[in-house]
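Engineer: Protein chains in written order, with our numbering: chain A, 1 to 85; chain B, 1 to 712.
By construction, these hints were calculated from the structure, which means they are not laboratory data.
Hints are supplied without guarantee of correctness; some may be wrong.
Stated by the list, open to error - List of simulated lysine to any residue pairs, SDA-like, C-alpha gap at most 20 Å:
| hint | chain 1 | residue 1 | chain 2 | residue 2 |
| --- | --- | --- | --- | --- |
| 1 | A | LYS46 | B | LYS557 |
| 2 | A | LYS46 | B | ASP687 |
| 3 | B | LYS467 | B | LYS557 |
What the hints assert, rightly or not - The following label-pair restraints were derived from C-beta to C-beta distances:
| hint | chain 1 | residue 1 | chain 2 | residue 2 | range |
| --- | --- | --- | --- | --- | --- |
| 4 | B | ALA153 | A | THR62 | 48 to 56 Å |
| 5 | B | LYS560 | A | ASP71 | 35 to 43 Å |
| 6 | A | ASP71 | B | PRO674 | 37 to 45 Å |
| 7 | A | LYS75 | B | ARG174 | 40 to 48 Å |
| 8 | B | LYS560 | A | MET1 | 46 to 54 Å |
| 9 | B | LEU666 | A | ASP71 | 34 to 42 Å |
| 10 | B | ALA487 | A | GLU76 | 38 to 46 Å |
| 11 | A | LYS40 | B | LYS560 | 28 to 36 Å |
| 12 | A | ASP10 | B | TYR485 | 46 to 54 Å |
| 13 | B | ARG698 | A | GLU60 | 42 to 50 Å |
| 14 | B | LYS486 | A | ASP10 | 38 to 46 Å |
Fair warning: this is a prediction, and the values are worked out from it, not measured in the lab.
The C-beta atom is built at its ideal place from N, Cα and C for all residues, glycine as well.
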Amino acid sequence: MKTFHYTITDEVGIHARPAGALVKEAKKYESAIRVVKGGKKADAKKLMVLMGLGVKCGEEVTVEAEGPDEDAAIKELETFFNENL
Amino acid sequence: MKDKIFGVLQRVGRSFMLPIAILPVAGLLLGIGGSFSNETMLSTYGLLDVMGPGTVFNMIFQIMSEAGDIVFANLPIIFAMGVAIGMAKKEKDVAALSAVVAFFIMHASIGALININGGPENMLQGATASVCGITSLQMGVFGGILVGLGVAALHNKFYKIELPQVLSFFGGTRFVPIISALVYTAVGILMFFVWPVIQQGIYGVGEIVLNSGYAGTWVYGLMERLLIPFGLHHVFYLPFWQTGVGGTMEVAGQVIEGAQNIFFAQLSDPSVEHFAVSATRFMSGKFPLMIFGLPGAALAMYKTAKPEKKKAVSGLLLSAALTSMLTGITEPLEFTFLFVAPLLYGIHCVFAGLAYMLMHVCNVGVGMTFSGGVIDLFLFGILQGNAKTDWIWVVIVGVFYFVVYYFLFRFLIKKMDLKTPGRDDGEEVKLYRRSDVEAKKNGATASSDASSEDVLSETICHGLGGKKNISDVDCCATRLRCTVYKADLVNDSMLKSTGASGVVHKGNGVQIIYGPRVTVIKSNLEDYLETAPNEEYHSGEAAQIETDEPTKTTQGKVTKTVVISSPVTGRAADLSEAPDEAFAGRMMGDGAVVTPEDCVVKAPEDGEVCFVFDTKHAVGFLTDTGLSLLIHMGIDTVSLHGQGFEVYVEDGQKVKKGEPMLKLDLDYLRANAPSLVSPVLCTELEDNQKIRLLKEGRVEAGEALFAVDFYE
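If we strip away everything but chain B, and leave its shape as in the complex, we get (with noise of 0.2 Å):
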């Protein structure tokens, strides 16, 4: 239970990766308008002659701060489809346009109901707001994710409902926008009663916080930074970033709701002297930690190094020091400390907290988009002038934290003989040679040549147990977040021999983290895992070869394959997709369903016809290989008495692979037979004989659909 609850908040957090990635070039634009446009800031530096109102440069930046603005304006219908495109495990396109039908419904149905009530006048102060033009009330990114979990949620349910016949064209996809309109509306009537209810909760918290002084601020920095390695920090700041949780104040007339929105609110209204500090606290402890602390921490693991592999590690930790330090992405840093020495972590959570503090302590007012990066820092901080954010705080407590973080870690690392990057006996390099070695054997038993070229991907989905083992693959900034099946068939050290900083595991979720560069190994991984053969993969068997150590073994070796083709054009799936229990619960045999495109339906291999229903319906195929397979047109096709059906060949023929064997009627099918999917199957299979599926989506008649594994 607990797992799978945390299977569920990393698939959430996941989903939030999207949006959140809008908003450093959001912050950007904000950034450089808002602070170039503001005539305190030209006047301070002299500059109202060159940038002030009226020139061509001040309508830039103009410009390029409303363009920031909008995002931030309208973060939660951007979250409302981020949120339902992360979540919607296929269609993902219809999820989105999903989410905005049910987004503007609930917020209309909610406005509807506060004029039936008289009005935003009669509501809490502050609990209205203009939500996309709509009056409506003040849910911040709450209704956004609210609105995208649910659509995905019944997306995910219904996006092949199959209605029946006169409805069928509102079937399929195009029923998900309508569901959610439907629920949507009603959410919305539901929301205008509870959301009241919930904001007054939201405020108490809020207020708690708020109210807890430095000590609170010391929590929030802990917490955020100790839920990193759970992949789970986005839920945990988020809400104080972009909620009332994090604090309400009115800027420029506007009540605004969220530590972040309050920056970037006050950033764009010039009579602002100093920027909130109760807001900023929730964000100015990240730049000493990640510009100067983090980087500290990286120069002592260097100096720590064993002399022979300095120049190896030096390249991994100057960039990921880089990293840390212009954009504030820290886990690549964070992790090469985090699972060999968990104490430094432990200390490094303790400051992280303590920057926040300090940060709060010394009235600092900078805030950031994303990260607590060196970009941030100028852009936010610097730019804005001292007078406003004291900004020049950070510059002296980081200098204090490189310091602090150097020969704290260089002690520790010594005195504890912590096995950071360098200090190792030279595993690295064993791990590397072993994967090229497992990489070269699989290639050579992988039954497509072409997919053998991507030996990283390849590696990768052989460390998580096969194609067949892997549920989905996404990736946030750093990490390459996946879901398995089975738990037990992940292979870790094979996974970090992939270049992999570290591996999570909980559950059936499964992080592996790589840094910034994960995008490109994910969407490789993505394309290999398009055409990878679909099969479990025990590395057990593997590591035998080169440790002779007893693992376990859940299957012999594959000593033959006989490979069956697909009898007609058409859509190809596994079996259990049939909709029909009998079918998908194996009970006749295991082989896939062809959903037919086209009316022939042919000799799948060389082979005999066994016998031909007399309803037309199916045909017993015994292949020249031996493999007895039944292939059922349609389901329940056996109560149409053989209308829509045309036989072309007769009990005991001897056929061809590729000969005509049946014709559909599809139009009278279609209309007449609850479903065309149609099971492929081998009826007598032994227990050593393994079904493979080869082919899912769009197959040509003749061309392999899945291949029966014989095991020893």
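Chain A with its partners taken away, still in its complex shape (with noise of 0.2 Å):
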């Protein structure tokens, strides 16, 4: 399983349209991705569970990925949480 973590910049969060667009890159992927804030778990391939998280600006989260292709989703992960969020 590889993780990493992320502090949010997005003034407003994991609303959602960037929910969507996180689901959209999640499913490129076989692994299953997670998205982690606090004890909470939520799949990042699905979009309500991900909206339910609740996830606002200067929170951090931690994205976990597991499965053969862990690697390539990590990073290209990171890149898509620098850029969007």
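Build the complex: two chains, separate frames, hints provided.
Structural biologist: Listed below in structure tokens is the structure:
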């Protein structure tokens, strides 16, 4: 399993549109992708769960990838977070 | 590309039908009024004492004549409005108003430039005319069509425009007349410089046609008939009838353009001794063809029908022949043989050209309002007297045409065993039964029982590939003209089973020929489409049951349907209408949009509130039926940080359908959010789950909004 930490800089947090974009990105990989905030984990391929996490600006999340293409997934997702969130 | 051009031309052609439909009435008024107030005619028949000047009859006929004449005098603006109405996709009333505004403004700015440049005296002879009281360039109906097409294009582009808050009063449909006014000021200026050049060109083309003599007339007649199957004949003959292409002539001191205009100007000018054949050569040929020739063909088809079917086809052929004879609407008859025996139609076209030419040779000067039936022949030929029209030749040539058509058609049908009506092998009966079976089957599966009442409309709808596949529906005198999204979903035999005499395809344009009753069929179909389920219909499935032929099925059977209701009262639309790419592109899921008109957002179904955003603008919802919904109020409302929203529920709360969840401050949101359009969508759809929009326009909270169909 690969992980990275990221602090959200988007001022409104992971709301509907960025969540949609993240799901689209996560679905590209076979690996299971999760976003972890506090003790709560959310499947990054499921929009509702991801939005339900209620991630706000300034909060730190952990992104996990586990599966055959986890290396590529983590690398690309880190770029995605940096650019979009 | 070619198909696209055809599609546009087809729409242009059918948008001409509304203004053209006025012509018979105007022609009747002018024809009757003009004839009976004409002193020459009255003295010929010794009616001067009864109907001469000063009598009550004379007054009535003069009024009729003027009433008819005014329509012909103002055809350009009527066309501007008619075409704008025909071409506008929605809010057609606004397009009509805008067309009038644009028409006046264009001619006013041309008029101003004419004055600045020294008045009409400095222009070409006959280049200017009084258009609705404005001294402007003589543009004829071309001017009107130019306005109509341009305004419709502007209208379709801008009628939903959203302007910044301070200007919002001028947004939407109100913007259309404004932009039309500005654009057509510029068009007017442009036309002042461009139109005289075009005018020269038109006169040039007209000269060639006019000077090519009898051969030119033959080609005109042949072309006009050849274009009928494509529905493009209006685009072809109208310039001859209404513009300088069909010649110019001075009548009663005024320069008149266009064959039909010349004829009607001469009709109201008592000093004319014989109507100009240079004008009527584009019209008179229809009379022998439609009153005599085609009925001869009908008789031949009746005689060659199988004995046991004669009775059945006699009704069809007799009514079609009578329609052709009386009104000059020939399509019902022509389409009975066009599709089954194209050769006959080819011969028919050659004879049509010949009819025009013979009328030209015989110096026949009978005009018409709309087409060449007995009514027009009576008004504009017989009533005007043989001295002015030589109408007697119509009858002489006509009798010859009747005989030739009868024997030629009879010979060819028998010789080549052509399958004209009553000669096929019982296909019709089979088709009808099949439609009944299908109608029954579809009636059972249709979501609403009310919609199954109109079986004919339903079959047409399905034959066109379902409501979702139909872009728009319109009609001309005899055919239903539709545009579809996917041409391959159209099922010809199903369409023919609805009583159509033929189906023409070109690209995404579909024409179904019914005859004059088409207007009723169109209205019924439109009513049906209002309530019909918005789905694609794959006729392949239905065909399988009866024929066992392997036809393509693109989706399996619906095993389950879950209906999602609207969370708020407002206006519903397809998700693609959301003014936000992420939503409209279905990136977050599929569903619909509702623009709220009421402030309370309610639970759409029984279920659970998964989460409410801290910014209160969106709710995640899980229905008891297991579907995840996102109800997102407004676009970009996340940036309001909760202002304008009140929340009544909390994460994880169970709610019943109709329970209030949010309250909106509509005034605040209208002023501060980019848009109030609110997507309601299913976020986690599987590949076998499809959304079907159930409601467009006004929707109440709790009313069905869309359905999720589960396929096998």
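Engineer: Which of the stated hints cannot be reconciled with the structure, identified by number in ascending sequence?
Structural biologist: Violated hints (numbers, rising): 1, 7, 8, 9 and 12; every other hint is consistent with the structure.
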